[in-house]
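Asker: Chain by chain, the residues run as shown.
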Amino acid sequence: MQTDTPLPMFDTDELVINMGPQHPSTHGVLRLVLKLDGERVIDCDPVIGYLHRGIEKLSENRDYTQIILLTDRMDYVAAATNNLGYVQTIEKLYSLEVPRRARYIRTVLSELQRVASHLLWLGTHAADLGALTVLLFGLRERELVLDLFEEYCGARLTYNTMRIGGQPVDVPPGWDRKVLAFCDVQESKLPEYEQLLTSNRIFMERTQDVGVITAADAIGVGLCGPPLRASGVYRDVRKDEPYAAYDEMEFDVPLGVRGDTYDRYLVRLEEFRQSLRIIRQAVQGIPEGPIMGKVPRLIKPPAGETYHAIEAPKGELGYFVVSDGKSVSPYRFRVRPPSLCNLQALPQLVRGHLVADVVALIGTIDIVLGEVDR
Amino acid sequence: MSEGPKPALDNPDSPDPQVKAAAPKPETKAAAPKPAPKPADGPGSPKPQAKAAAPPPLPPDQAPPADLAVPAFVAAVQSGVAGAVEQVSYWVGDWTVIVAAGRFAEVCTFLRDTPGCQFDYLSDLTAVDWPARAGKRFDLVASLYSTKLRQRVRVKAHVGEDEAISSVTGVWPAANWLEREVYDMFGVRFTGHPDLRRLLMPSDWQGHPQRKDYPLEGPGELLMESPQDWLKARQAAAEADVK
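Protein chains in written order, with my numbering: chain L, 1 to 374; chain A, 1001 to 1243.
It should be emphasised that the hints constitute simulated quantities derived from the structure, not laboratory data.
Heads up, a few of these hints could be off.
Unchecked claim - Cβ-Cβ distance ranges computed for the label pairs, FRET-style:
1. A:Ala1082 to L:Gln284: 55 to 61 Å
2. L:Thr214 to A:Thr1114: 18 to 24 Å
3. A:Val1070 to L:Val212: 52 to 58 Å
4. A:Ala1082 to L:Pro296: 41 to 47 Å
5. A:Glu1161 to L:Val33: 29 to 35 Å
6. L:Gly232 to A:Pro1131: 55 to 61 Å
7. A:Arg1150 to L:Ile17: 52 to 58 Å
As the list claims (entries may be wrong) - Derived contacts from chain L toward chain A, CB cut-off under 10 Å, selection only:
8. Asn160
9. Leu228
10. Glu248
11. Asp252
12. Glu270
13. Gly285
14. Pro287
15. Glu288
16. Pro290
17. Gly293
18. His308
19. Ala309
20. Gly318
21. Phe320
22. Arg336
23. Asp373
As the list claims (entries may be wrong) - Derived DSS-like pairs: lysine-lysine, alpha-carbon spacing no greater than 25 Å straight-line:
24. L:Lys294 to L:Lys326
25. A:Lys1136 to L:Lys326
26. A:Lys1148 to L:Lys239
27. L:Lys178 to L:Lys189
28. A:Lys1136 to A:Lys1232
29. L:Lys57 to L:Lys326
30. L:Lys57 to L:Lys300
31. A:Lys1212 to L:Lys300
32. L:Lys57 to A:Lys1136
33. L:Lys326 to A:Lys1212
34. A:Lys1148 to L:Lys57
35. L:Lys300 to L:Lys326
Bear in mind the structure is a predicted one, so any value in this text is a computation, not a measurement.
C-beta atoms are modelled at their ideal positions from N, C-alpha and C, and glycine is treated no differently.
Could you build the full structure based on these sequences and the hints that come with them?
Answerer: Structural data, given as structure tokens:
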């Protein structure tokens, strides 16, 4: 006998949950408001600003040299590239000539920084997906980079290691040999990571076809750096608008095909090799000469404005500085943080995926909240 | 007394010509009979006064040098969007097109879609506050990049304090958060933005921190000096709100 009463149904309401700001896999104080249909994410609204320190406002009240120190605190796992972007912007505004030796040292430092930043990314990304060994491996090698930085400038995290017009200190004797030795060590360790991840069944299942973004979408939403290149867009500030000594370096820009999380992993892994290639060329080619250019004692650029971008480990890091020509501090100081622009694509990436993939996708865009919030 | 040490700090940093120029001042003033106490203040004392009296700065939009060829994309905007371009400026290799606020989105669409421009990538969108400029207080600045032709240009529009400008989120989705940040930090409103909320500051924040008249210390010193009083004041405000 059949009954007309319907079968008991499960509750199909949408569920709104809060992920973060204190969540280990949000890499800081990121809060996500997730709208769920069962396990699937329908919508995601990132809430940021928990680490906002008003660096732009502070910088407009500091003089040009003091700001270098503030830039350290933005992307605090890649302080050297933050310094580089800032000092180059002021040098451009001032039309200052930087000695070739200083430009080579900057190139070495910024590529070492890229390796250190990518190592931390690799470790935390893999740890989010359950491969804890890679985190230990990554931190082990990152320690070697930090030692090199410590020997060069005395600091291990916030380096404050560049000055407007050149470098504050010369490379210590024997440092170049240590850098080359590190390159060899790092190169020998890369197969270890690949062995653990690249053909790991679990890692592949968790990353392939997860968070696919097409090239056109990636450009439109403002993705930059490795995530943009993983979608197959040839865009690298080091190649397109060369700065420091990159125009004299030989390196390739790795590109992805499918634009998924796995491709973003492969692109960054290849960037290790290219960075080591650049470091080797630059450190062996450091020319003789001064490390500091001719710089006025009081930094006071003529009235004007400029936007200058560099390729930070996380993507295009831009500075927009307006000088009124009268003050010793910038009239307007604006940072275009790559993490912010990449994080903006997160809702687009996670829509339709499982909650567990959200963790993988936060990891894959490689954000640092210090830079997102400034 | 309090002014005394300030010039002493200023002087070592100042370039040589200024020190030399300032040095003879006390002698000439000492020769004059009337301002006898003034030399005691030191040569730098007129300086802060002069600084305070100096007019607030205006945007440094330099015209391009006459012998410099205007790039194709700037010429294309000038001829393609008739009457929208108010000024073209150039400084240390960067080209800026200053357009009328009402046609900002139109110029942006033109720059994205026209062959020869193809500015498909919005690098940055921000604002600059010029309180001294009458009427139109803000500069809205978009830094564009073309991933195909590898060129850059900046588009600028003057926006007034109570004026809304049309959003460019339809042109580049990347503008979404950047416009939210401009709204948050400067209070510039965008029409047609899908979700215009504060981005970095808390949603109940008062004021717009990046404006030049916003104090560096934040909303007030009461919180820093006596958090208890600050809490009481906040409680009272909340209670008044409920009633």
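Asker: Hint numbers the structure violates, sorted upward?
Answerer: When the structure is compared with the hints, numbers 3, 6, 7, 8, 10, 11, 12, 13, 14, 15, 16, 17, 28 and 34 turn out to be violated.
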